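Undergrad: Heads up: the protein sequence lines correspond to chains A and L, in order.
For what it's worth, our numbering labels the leading residue of the first sequence as 1, then goes sequentially.
For what it's worth, our numbering labels the leading residue of the second sequence as 297, then goes sequentially.
It is worth saying that the hints were derived from the structure and are not from the lab.
All figures in this text were calculated on a predicted structure; none of them were measured in a lab.
Please note that a few of the clues may not be correct.
Quick look at which bits of chain L chain A covers, simulated, 3 or more residues with Cβ under 8 angstroms [to be verified]:
1. 436-449
2. 523-534
Only some residues are given here: those of chain L computed to face chain A with a beta carbon under 8 angstroms [claimed, not checked]:
3. Phe352
4. Gly395
5. Val589
6. Leu593
Heads up, the beta-carbon is just placed ideally off N, CA and C, and yes, glycines get one too.
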Amino acid sequence: MTEFLQQLLNGLSLGAIYALIALGYTMVYGVLRFINFAHSDVFMIGAFAGYYLGQRVPAGTLAGGLAVMAGAMVICAVLGMAIERLAYRPLRGAPTLNVLITAIGVSLFLQYTGQLIFGATPRTFPQLFPAARLSIGPLSVSSNQLLVIAVALVLMIALQLIVFRTRIGTAMRAVSLNPNAARLVGVNNDVVISFTFGLGSALAAAGGILYAMNYPSIDPLMGVMPGLKAFVAAILGGIGNIPGAALGGLLLGTVETFVGGSAFSTYKDAIAFAILILILLLRPAGLLGRFVAEKV
Amino acid sequence: MPRPLLLLLAALAVSIAISAASAHLDPYFLDVAMGVGIAIILAVSLNLVNGHTGQFSLGHAGFMAVGAYLSSAVTLFLGPSLLGADGGGPLGQGLLFAGALACGGACAACAGLLIGLPSLRLKGDYLALVTLGFGEIIRVIFQNVEALGGALGLIGMPPYTTFGWIYGCAALAVYTVACLVNSTYGRGFLATRDDEIAAEAVGLDTTRYKIVAFVTGAFFAGVAGGLFAHFKLAIDPRGFDFTRSIEIVVMVILGGMGRTAGVIAAAILLTLLPEILRPVAEYRMILYSLLLVVLMLLRPQGLFHRGAKGVRP
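The following block holds chain L by itself, in its conformation from the complex (with noise of 0.2 angstroms):
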């Protein structure tokens, strides 16, 4: 068996195991840690945009957002009927979960496709713009469809998101992000970042590069927002806003945009760091924005950059 899929199956067994022995664990700390995996999954899968094919997407808030509503709905619209009368037991709310889940993601992906398709034409720091401005457009329709709670939200979602959802999710994102970039298909990915016009000179569809991680970034966005949904149990419009994508583009910038192991590290790390902070909460987003300025004036290339590997100059 190659060596990445082991190392799936032995995360995916890990995160359950944890999972399952997580009612003698901390409360405390199990909430944190679970915080830690969704800013996990959605660092790995902006980077696959940002840093692998080098678009610089502005929007990643929109498409969790778009994840967490459709899989919210699922869950709430769909759930009570297809589980029946008895609850569905434990297996019939893991299908649903999964099924909200995937439901989510692929709204999310379409909804990737859909903007990726016009907006890639774009190029740096108009493409950034678009997608902001994509991302401010999903929130306003979810602020005014009243079917999905209008700018109140939703709540009451089941608490289906476990250790073991997340941690698993988390393994697959990694997975399917590494195991893309580091195939021969995937080398295009890295062309488009390094020359787009040496690439297309090769002879590589850099726009259809383009649209596939765009897409595939989408999906896990979508995915990260319904475990959201499921694990807070209470979305409103407003907590997938401008912000929300900075916090995410600032973990791939910071973990060296392309690197996945840094990506995490700093997914992790940005995570944590409120929590230590949080006699002096009131200067977290201030040192957020001089950690911002100050890493792109010493080190552009990122905190967790090791030096040259690779393509990369």
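Here chain A stands alone, though its shape is the one from the complex (with noise of 0.2 angstroms):
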């Protein structure tokens, strides 16, 4: 029982990293229908913003931790939005695939300069948060991990206030149910997408340096496993289903860790896409997902 317990903790705050990339894979699906490949290389340069970042502050303080955090959002919303305004608005209306194809290129392009910047070797990652093992009963629980989940519900709640109790928010809503309908009641487009593709890499970004302290290496191809399995969360929620994602990304993180703890854990990258191709066959419009038909 202990066993399981620990290892549910250890598979929820995993979850909770999912579920912040899961988001912005989400939230780009819901306003322009294709996958952001290089939405995993953000959450990439999130992490490697925080470590630049976190050699300027104190090392190991609160304050100085949310500031690394605050920062690496800040420059990730920036790339992401330089991503949607170089790379895909001059698509807009193109092929899904012209579009997917531009996605992976942008992604192998931020991988292997980063590995020109950065250099491939991977690097520990800095401990910018204060770190404590605490005894909760028989569990023993790195303060890493709490605030790993602590983090990332309060980063949901935000996000879910801005998505439902803003005009920015409704906006994007409204363009995510129709883009034309949308822009005739006069939204901007282009300011929606925007702003949809900041909020997403703003969240990978925090996702990156919480993913890189729990597993505190990082190297320039680091985005592309957890970018990945997040997207598998995001399918399984749901896409295009902001409570889904979050939902998804806790089921998948907890699975991996539990299968991880088993004796298939060789299987352990295997299993997320197992997962992905049971829902897409059984149920393709995710768990929390409206099914929509076909119009021809």
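Make the complex out of the two chains shown on their own, each in a separate frame, by following the hints.
TA: Here it is in structure tokens:
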């Protein structure tokens, strides 16, 4: 039982990170209907931004850690908007495959530019936040894990408020429902899409820092696997659906951690894809998504 | 005799002739040329799926891995007992290799069928993701099968692959794809790509076309994998990851999706490019990715596309 709870906690903290990345995928899919492959590399850039900013603040303080996180989120938000402006906006209205290929191109570009600038060797991520090991009953919990869950929770609540309580959030939902109708009632789609990219990328940056804190080694290709899995989480919850992405991320992180702790631990990386295939075959709309019939 | 068949026979004859003379050729040139040949097989076979049939597969490296592993298993584990103590002579070895390649291709085709049946119901970026997922699963499975070397991979394959084998198979792949697509039956591939709903409305079984394309593509990817394994003489699961699939996809896109000649040209160009760019090797992948983005922005129809031909708008 103790081990079960311990694994559950590990799973939830991994799942919270997947959820943060998945939110970016799902929001972009909501407004533009395409998979932003470069999102996983924005996540990587977020971790590196945390690494470089982390050297400028005193290590192991709460204020310093939060400042670094905010800084990295701003950097990645700008990066995300720049990617949208330069690579995706000229392709608005082009066939899905062209946009998908462009996204893969941007993703590879970020990865290999990262290898050139940051070097391909993994680096140790600094301890940004104060670290401690707490014991809750028989459980041993690192403060990082609790922090991951807390930060993810705060960010998701903030996101929920932005999407449902602000004007720009209303516009986002309108564009996602029907871009043409949104334009008719005076929504500036370009601004909304740009904002969506910024928001998603900021969440990815937070995810990157949290991930780097728990798995303290970063390299330019670190985004690939978490990115793919987060995308699976987005589909699992129902792509385009914000609570779905959070649920999918938590579920996937938990399942993966339990498989990693079982006899089949070497198949850990395959489990996410197996889930992806199952969900696409059995319930393509995802757990919380609504099935929409295709019109001819 | 029909012209394509004549061309195929001519190509086979030329590749066997060059192969016979290969001892006198520059080994560096030969090595690069063989790499180009394997790339051509991979690109042409993926072109049938991505170009002609319009389905976006991102898992081609997975099928290549199946072919590479299975054909290596045949030559490594079955080979010695089949060939006997004297090594079987050139004919015996040739037959063994042909059998191994066929076995690798057939297993890859079976994998293609297994993967294609459920996933080809999906479209566009979903299909891309599922094929990517399957490609990764195949890689993880090979990583975990200890009999096939696990994460370390297989080494010690006999060096059966020659120039003639590679270009013979490449000619066969080009011939098969060209004949398939240009036949009456094969127009269905193009119809599926151009407008799936309309194709279904006139009574074409589009799912069947997609699966035929997928299985044929997987078969040749498997053959290419077998040739690759007996050319490099060492394979490991990391060699067949996502990046490899992307490389093949880039060749197809650059060649102009569905233009066999263009795709062959792109395969040659992209395999030679790293050799030419060797002094700036660290920028190679950056150039690759920029090329992809710029191409999609400026020339989404591909580099070697000569304007309207046939049914393409």
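Undergrad: Please go over all the hints and tell whether each is borne out by the structure.
TA: Going through the hints against the structure:
1. 436-449: Coverage by chain A holds here, the residue count being 4 at a Cβ distance below 8 angstroms.
2. 523-534: violated (count 0)
3. Phe352: Holds, because the Cβ-Cβ distance from L/Phe352 to chain A comes to roughly 6 angstroms (cut-off 8 angstroms).
4. Gly395: L/Gly395 check fails; min Cβ-Cβ to chain A is 30 angstroms, beyond 8 angstroms.
5. Val589: Since the shortest Cβ distance to chain A is 4 angstroms, the answer is holds.
6. Leu593: holds, 5 angstroms
When held up to the earlier numbered hints, the structure conflicts with 2 and 4 and fits the remainder.
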